[in-house]
Amino acid sequence: MGLCCLLFFFSCDSRKAAAPSTAEFHTVTDDLGRKVELPVEPRRIMALAPSMTEMLFAVADTATIVGRTQNCDYPAAALTKPVVNNYPMDYEKLLSLKPDVVFATEGIISMEVAAQVQKMGIPIYFQAYDSVTDILRGIRNLGFLLNRREKGQAVADSLQAWLNQLAADSARGTRPRVLAITWKDPIYVYGRNTLFTDKLRYAGGQNAVTEVFAQPYPALTREYILKMNPDLIIGGSFDQMEKTFFSLYPELRRIKAYQQKRIFDVTDDLMSRPSPRVVEGIAELKAVLQ
Amino acid sequence: MRKALPILLGLLVLLTLGLFLGLKVGSLDTSYATVLDAIFEYDAQNATHYSIIHLRLPRLLLAFLTGASLAFSGYLMQALVNNALADPYLLGTASGASLGASFSFFLLTDLTFMGLYLPPFFALVGSFAVTLVVVLLGSRRGQLVPSQMLLVGVALSSLLTAVVSLIMFLSDSESQLKSVVFWSMGGFEKADWSNLGYPAVALAAGLVLFFFLQRHLSVLLLGADRAETLGVDVRLIRWIMLGAVSVVTGFAVAFSGPVGFVGLMVPHFTRALLGTTNRFNLIACALGGGLFLVVCDLISRWIYPPAGMPVGIVTSFFGVPFFVYLLRRKNYRFS
Numbered sequence: 001m002g003l004c005c006l007l008f009f010f011s012c013d014s015r016k017a018a019a020p021s022t023a024e025f026h027t028v029t030d031d032l033g034r035k036v037e038l039p040v041e042p043r044r045i046m047a048l049a050p051s052m053t054e055m056l057f058a059v060a061d062t063a064t065i066v067g068r069t070q071n072c073d074y075p076a077a078a079l080t081k082p083v084v085n086n087y088p089m090d091y092e093k094l095l096s097l098k099p100d101v102v103f104a105t106e107g108i109i110s111m112e113v114a115a116q117v118q119k120m121g122i123p124i125y126f127q128a129y130d131s132v133t134d135i136l137r138g139i140r141n142l143g144f145l146l147n148r149r150e151k152g153q154a155v156a157d158s159l160q161a162w163l164n165q166l167a168a169d170s171a172r173g174t175r176p177r178v179l180a181i182t183w184k185d186p187i188y189v190y191g192r193n194t195l196f197t198d199k200l201r202y203a204g205g206q207n208a209v210t211e212v213f214a215q216p217y218p219a220l221t222r223e224y225i226l227k228m229n230p231d232l233i234i235g236g237s238f239d240q241m242e243k244t245f246f247s248l249y250p251e252l253r254r255i256k257a258y259q260q261k262r263i264f265d266v267t268d269d270l271m272s273r274p275s276p277r278v279v280e281g282i283a284e285l286k287a288v289l290q
Numbered sequence: 291m292r293k294a295l296p297i298l299l300g301l302l303v304l305l306t307l308g309l310f311l312g313l314k315v316g317s318l319d320t321s322y323a324t325v326l327d328a329i330f331e332y333d334a335q336n337a338t339h340y341s342i343i344h345l346r347l348p349r350l351l352l353a354f355l356t357g358a359s360l361a362f363s364g365y366l367m368q369a370l371v372n373n374a375l376a377d378p379y380l381l382g383t384a385s386g387a388s389l390g391a392s393f394s395f396f397l398l399t400d401l402t403f404m405g406l407y408l409p410p411f412f413a414l415v416g417s418f419a420v421t422l423v424v425v426l427l428g429s430r431r432g433q434l435v436p437s438q439m440l441l442v443g444v445a446l447s448s449l450l451t452a453v454v455s456l457i458m459f460l461s462d463s464e465s466q467l468k469s470v471v472f473w474s475m476g477g478f479e480k481a482d483w484s485n486l487g488y489p490a491v492a493l494a495a496g497l498v499l500f501f502f503l504q505r506h507l508s509v510l511l512l513g514a515d516r517a518e519t520l521g522v523d524v525r526l527i528r529w530i531m532l533g534a535v536s537v538v539t540g541f542a543v544a545f546s547g548p549v550g551f552v553g554l555m556v557p558h559f560t561r562a563l564l565g566t567t568n569r570f571n572l573i574a575c576a577l578g579g580g581l582f583l584v585v586c587d588l589i590s591r592w593i594y595p596p597a598g599m600p601v602g603i604v605t606s607f608f609g610v611p612f613f614v615y616l617l618r619r620k621n622y623r624f625s
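Taken in order, these protein sequences are the chains called Y and E. Per this note's numbering, the first sequence runs over residues 1 to 290. Per this note's numbering, the second sequence runs over residues 291 to 625.
These are calculated hints, taken from the structure and not from any lab test. Treat the hints with caution; some may be incorrect.
Selected chain E positions facing chain Y (in silico; Cβ < 10 Å) [claimed, not checked]: (1) R346; (2) Q466; (3) K468; (4) E479; (5) D482; (6) P596; (7) R619.
The structure displayed is predicted, hence computed values, not measured ones. Using N, Cα and C, we set each Cβ at its ideal position, and we do this for glycine too.
Model the full structure from these sequences, guided by the hints.
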């Protein structure tokens, strides 16, 4: 079902991009509370983050997508678009593509860059997500902004149905405490206030980090991890982690996840990108939890 | 000796208190009784005992050794170039170590070899190689020229910093970039009993050697010419100082990353306490530097639990105001 959904989302429209719109504009408020003036039907769009490029390919008429960043590698069709570096931001290249609007994700593009893009006369619209359902809301929102409400609604609805099915299966049984390592030296992990916590809820687990830190991805000490004693670790296969993590921190071989060899690798992009593939990521998490 | 003894004892008492308090602070709730139990009746199955002995104690000892090494080296460097602004990194040690570590992150796909974590060893090679270049360029006909060495050190450090920046700029992945940035912040979290031996032996050897050469250091502060007339083999003593500084600093930086300010500040603090020529200056300096970093590490973990903020930030925040106060005191003189 997942594969069918994705094929459906990323199917391309054949219409060619029209010339920059001179049609009507409307003022909308983005997820950061900024007022942005956008064409009612943007004809030239692009995203400044890989997750947002995935969102656009799921909802937009793909012929209207005029570029991608150097990190945008999904879906495959994105690779055919011209590249605009987003770090450091290549303003001239962006300007040369003449987008009607660019879309960004909170935390990936700084406000300083946003101000500069706006100053060049290109409206920039931010989305922010605190939960999985926020991403679905973002998809519907893009449908509205791109004047493709039906497509946005259809994508969001089918993802919601898949999500409901995963959640129903996960309601039973105990929920293993999962520690997801994002960086090994020093040890950085997916904190409580990240999407990962919500994704685990649907997948049938729980985040081993119960404390909320100021940083969404906090640095932890070995002692803190010993105290948590997680049931399962995500960050690489057992052999990889043995070589690159536990050899560096041999003291952590005492934890339950290591003793029971419940250490797994998952697809990086599915873990980190708040995109329409979020539900596929949850399905992958669910598979390793079982 | 009469003046030094109470100060040395005071530093030792404070250090013991700092270490004991440090053994109590951690993620697992710990009482002082548990700390004593872990030391005298260690139970390997007890998670708190294990944390105290295998995580907290090595971390504290690495903080102590790093602080002591940098303060010791700073004292020697200030005497070597007869300049109050000198610190151990003038020889390019820190930038060389950063370059070595950055190369390992940039070039190696696997950072471990036979269970050994390679970046500290790359850092060590980098620091020694750069020190050697600084010394070669800073000497003429086998004789060190301190002012020339100082300038070469500063210039080469700038060049190496640019190379590290270039490496960061050329990094094709976020992970390489992060590795270089995290390394440059310094820290003690990876402390392990197995890597404490190198800095400990280097520091102990340096302290013993210079305990007997302390008189020469004091004379050297009068200037090279006067030291020569007083019978000091300036050329030889400078080479010995240089060797000690590069080895002791190299080992400290390799395992903890570059921690700033300790090597500059603590020697001045020691001289303010004991005077310029006291024969126990270097021991007091090492104890003071070690104590300072142990306290800074505790503060960093207390402010920003559990991992603590980079210790270099804390050393500057707490050290600079005190340093300024010290320099404003009328009765303090460098030499």
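These are the hints, each one checked on the structure:
Given hint, R346/E at the interface with chain Y, holds; its Cβ is 7 Å from that chain's nearest Cβ, closer than 10 Å. Hint on Q466/E is violated. Least Cβ distance to chain Y is approximately 12 Å, over the 10 Å limit. Here the hint on K468/E is kept, as its CB sits about 6 Å from the closest CB of chain Y, short of 10 Å. A cut of 10 Å between beta carbons decides the hint on E479/E: the least distance to chain Y is about 6 Å, and the hint holds.
At a threshold of 10 Å, the smallest CB-CB gap from D482/E to chain Y is about 8 Å, leaving the interface hint in force. Among the interface hints, the one on P596/E holds; its C-beta lies about 4 Å from the nearest C-beta in chain Y, closer than the 10 Å criterion. The interface hint given for R619/E is broken, as the beta carbon of that residue sits about 38 Å from the closest beta carbon of chain Y, more than 10 Å.
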